Amino acid sequence: MIAWLIIGGGIHGTYLSHLLVNKVGLKRDDVRVLDPHHKPMAAWNRNAANCGMRFLRSPATHNIDIPVLSLYRFAQSPAVNGMAEFIPPYNRPSLSLFQKHCAHVIQHFHLEELRITGRALALHKNNRRSLSAETSVGSITARNVILAMGLGEQPYWPSWARRLKQKGSRIDHVFDPRFRTADIPESTESVVVVGGGISAVQTALMLSKKLAGTVRLISQHGLYESQYDFDPCWIGPKCLRDFYRQDYGSRRATVDRARVGGSLPGEIFEELRTALEARSLHFQKSRIRSAVQDGDRIRLDTVAGTVWADTVVLATGFHSVRPGGNFIDRVIEELGLQCGPCGYPIVGEDLRWAANIFVTGPLAELQLGPCARNIIGARNAGRHLLKVLIPQH
Amino acid sequence: MDKWECPCGYIYDPEEGDAESNIQIGTTFEDLPEDWVCPKCGAEKEFFEKLD
Numbered sequence: 001m002i003a004w005l006i007i008g009g010g011i012h013g014t015y016l017s018h019l020l021v022n023k024v025g026l027k028r029d030d031v032r033v034l035d036p037h038h039k040p041m042a043a044w045n046r047n048a049a050n051c052g053m054r055f056l057r058s059p060a061t062h063n064i065d066i067p068v069l070s071l072y073r074f075a076q077s078p079a080v081n082g083m084a085e086f087i088p089p090y091n092r093p094s095l096s097l098f099q100k101h102c103a104h105v106i107q108h109f110h111l112e113e114l115r116i117t118g119r120a121l122a123l124h125k126n127n128r129r130s131l132s133a134e135t136s137v138g139s140i141t142a143r144n145v146i147l148a149m150g151l152g153e154q155p156y157w158p159s160w161a162r163r164l165k166q167k168g169s170r171i172d173h174v175f176d177p178r179f180r181t182a183d184i185p186e187s188t189e190s191v192v193v194v195g196g197g198i199s200a201v202q203t204a205l206m207l208s209k210k211l212a213g214t215v216r217l218i219s220q221h222g223l224y225e226s227q228y229d230f231d232p233c234w235i236g237p238k239c240l241r242d243f244y245r246q247d248y249g250s251r252r253a254t255v256d257r258a259r260v261g262g263s264l265p266g267e268i269f270e271e272l273r274t275a276l277e278a279r280s281l282h283f284q285k286s287r288i289r290s291a292v293q294d295g296d297r298i299r300l301d302t303v304a305g306t307v308w309a310d311t312v313v314l315a316t317g318f319h320s321v322r323p324g325g326n327f328i329d330r331v332i333e334e335l336g337l338q339c340g341p342c343g344y345p346i347v348g349e350d351l352r353w354a355a356n357i358f359v360t361g362p363l364a365e366l367q368l369g370p371c372a373r374n375i376i377g378a379r380n381a382g383r384h385l386l387k388v389l390i391p392q393h
Numbered sequence: 001m002d003k004w005e006c007p008c009g010y011i012y013d014p015e016e017g018d019a020e021s022n023i024q025i026g027t028t029f030e031d032l033p034e035d036w037v038c039p040k041c042g043a044e045k046e047f048f049e050k051l052d
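Line order of the protein sequences matches chains A and B.
Each step along the first sequence adds one to the number in my numbering, with nothing skipped, and position 93 is 93.
Each step along the second sequence adds one to the number in my numbering, with nothing skipped, and position 36 is 36.
Next comes chain A alone, as it looks inside the complex:
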């Protein structure tokens, strides 16, 4: 039996495995990370590359190592091109630097050795002291389980888009694991990118540089400049103090309000403006009502008129229903776990969902608030877990 099984090996699972071994001091054999991908953070890395991300939205202190300044120090090492890889004023690292740093941490601390490649299917309570995870690679018995699943496996498909895909049209989601933006032929005459967030704009900008044809971005709302995708007050007690006084229904509404899309950091907003002025990219604020395949092309009927495309790329983010799918549904039913009106876990301050089941990432949103799913959400979850594991911390 192992002490801790983390289900989900993205940024959250990888960081918490590092914390358990190298901060708490648990034996390496006592910690395992179960994840269906062969590499840590595989879905995050794929999604970041697919939407053409160049710089992270978060500052360098939001990283997967234990010391908060680790990424800065790494940037100063001879192998890395130092501060040129940060965007001021909040020192956001380049994707390349962030990924190099993650790879360095994973390699240096041998975090890959903690991983088991497989998918969780069910979770059974054996007795008061242990749980058994039924997985695609056999059963794993653990004293504690951390559920660290993200939204990465549930890209959001509007109903018109689903219908179009079912009919075999050239429509894909930028976060679909089988899709590569780079595979869109350069000769494509017209591409429509649908979405109103930073990923949609980055995808549209990337395609506008690559393709000779027309690239059009359609968003339901306008775009504006803001350094953050949520107010940083949500990272600390400034806003969370009031959040904890709310009931769980109100907490969900607060999280949704705090994460309103459409904001772009300065450098992307500027790049977008330049591309629009040069007419290498077109922008339409409109809602798509329906779409049909019409001969070789796709006809999109929007509130503002008809738009034609050879290919449609969705960058509509993730479906925000509770992550974990059937696996979490079964766990809730079998173990009688408590959920808020939105279906997300109701957990304690220590992120405990049941005696020896903890959550992180979006599953912890009703406790950690709007930043739960971000990198800083993993670090905040770590702080809460440390209080359980090292009471004097």
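Calculated directly from the structure, the hints in this document are not laboratory data.
Predicted model, so just to flag it, every value in this text is computed and none were measured.
One should not assume that every hint holds.
Capping the alpha-carbon separation at 20 Å, the derived lysine to aspartate or glutamate pairs in EDC-like fashion look like this [as the list claims (entries may be wrong)]:
#1 A:K238 - B:E44
#2 B:K45 - B:E15
#3 A:K209 - A:D301
#4 A:K167 - A:E277
#5 A:K209 - A:E271
#6 A:K23 - A:E112
#7 A:K238 - B:E49
#8 B:K50 - B:E34
#9 A:K387 - A:D30
#10 A:K23 - B:D35
#11 A:K238 - B:E15
#12 A:K27 - A:E112
#13 A:K238 - B:E46
#14 A:K387 - B:E44
#15 A:K238 - B:E20
#16 A:K210 - A:E112
#17 A:K387 - B:E46
#18 B:K50 - B:D13
#19 A:K23 - B:E46
#20 A:K238 - B:D35
#21 A:K238 - B:E34
#22 B:K3 - B:E44
#23 B:K45 - B:D35
Reference listing, derived: stretches of chain A covered by chain B, where coverage requires no fewer than 3 residues with Cβ under 8 Å from a Cβ of chain B [said to hold, decoys possible]:
#24 152-165
#25 228-234
Facing chain A, according to a computed beta carbon distance under 7 Å, are these residues of chain B, among others [stated by the list, open to error]:
#26 P7
#27 C8
#28 G9
#29 D13
#30 D18
#31 A19
#32 W36
#33 A43
#34 K45
Here a beta-carbon is modelled for each residue, glycine too, at the ideal position from N, C-alpha and C.
Given the structure of chain A, go ahead and fit chain B onto it with the hints provided.
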């Protein structure tokens, strides 16, 4: 004078002070009042780390 960074990304720079909290320009991090908190996220001084 040293700059200090909050986990939320806010950097306390003595050359700027913190007007929002009536902290004058030139005040070192060590001289900030003990009840001073990050103006962005509310974290207390103990959560800050000195930038190299």
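Right, here's what the structure says about each hint:
1. A:K238 - B:E44: holds, 10 Å
2. B:K45 - B:E15: Holds, because 18 Å separates the two Cα atoms, which is no more than 20 Å.
3. A:K209 - A:D301: violated, 26 Å
4. A:K167 - A:E277: Roughly 36 Å separates the two Cα atoms, so the pair is violated.
5. A:K209 - A:E271: OK: A:K209 and A:E271 at ~11 Å, within 20 Å.
6. A:K23 - A:E112: Holds, because 17 Å separates the two Cα atoms, which is no more than 20 Å.
7. A:K238 - B:E49: holds, 19 Å
8. B:K50 - B:E34: OK: B:K50 and B:E34 at ~16 Å, within 20 Å.
9. A:K387 - A:D30: Status holds; Cα separation ~19 Å.
10. A:K23 - B:D35: violated, 28 Å
11. A:K238 - B:E15: Given pair A:K238, B:E15 is violated - Cα atoms ~24 Å apart, limit 20 Å.
12. A:K27 - A:E112: holds, 15 Å
13. A:K238 - B:E46: It holds: about 15 Å lies between the C-alpha atoms, which stays within 20 Å.
14. A:K387 - B:E44: holds, 17 Å
15. A:K238 - B:E20: holds, 14 Å
16. A:K210 - A:E112: The given pair, whose Cα atoms are some 35 Å apart, is violated under the 20 Å limit.
17. A:K387 - B:E46: holds, 16 Å
18. B:K50 - B:D13: holds, 11 Å
19. A:K23 - B:E46: OK: A:K23 and B:E46 at ~18 Å, within 20 Å.
20. A:K238 - B:D35: Holds, at roughly 13 Å.
21. A:K238 - B:E34: Roughly 16 Å separates the two Cα atoms, so the pair holds.
22. B:K3 - B:E44: Within the cut-off at roughly 15 Å; holds.
23. B:K45 - B:D35: holds, 8 Å
24. 152-165: Coverage by chain B is violated for the region 152-165 of chain A (0 residues, Cβ < 8 Å).
25. 228-234: It holds: at least three residues are needed, and the region 228-234 of chain A offers 3 whose Cβ sits within less than 8 Å of chain B.
26. P7: Cβ of B:P7 sits 6 Å from chain A, so the hint holds.
27. C8: For B:C8, the interface hint holds, since the closest Cβ of chain A sits about 4 Å away, which is under 7 Å.
28. G9: holds, 3 Å
29. D13: violated, 10 Å
30. D18: Violated, because the Cβ-Cβ distance from B:D18 to chain A comes to roughly 14 Å (cut-off 7 Å).
31. A19: Status violated, d = 16 Å.
32. W36: Since chain A brings no Cβ nearer than about 13 Å to B:W36, farther than 7 Å, the hint is violated.
33. A43: holds, 4 Å
34. K45: Violated, because the Cβ-Cβ distance from B:K45 to chain A comes to roughly 12 Å (cut-off 7 Å).
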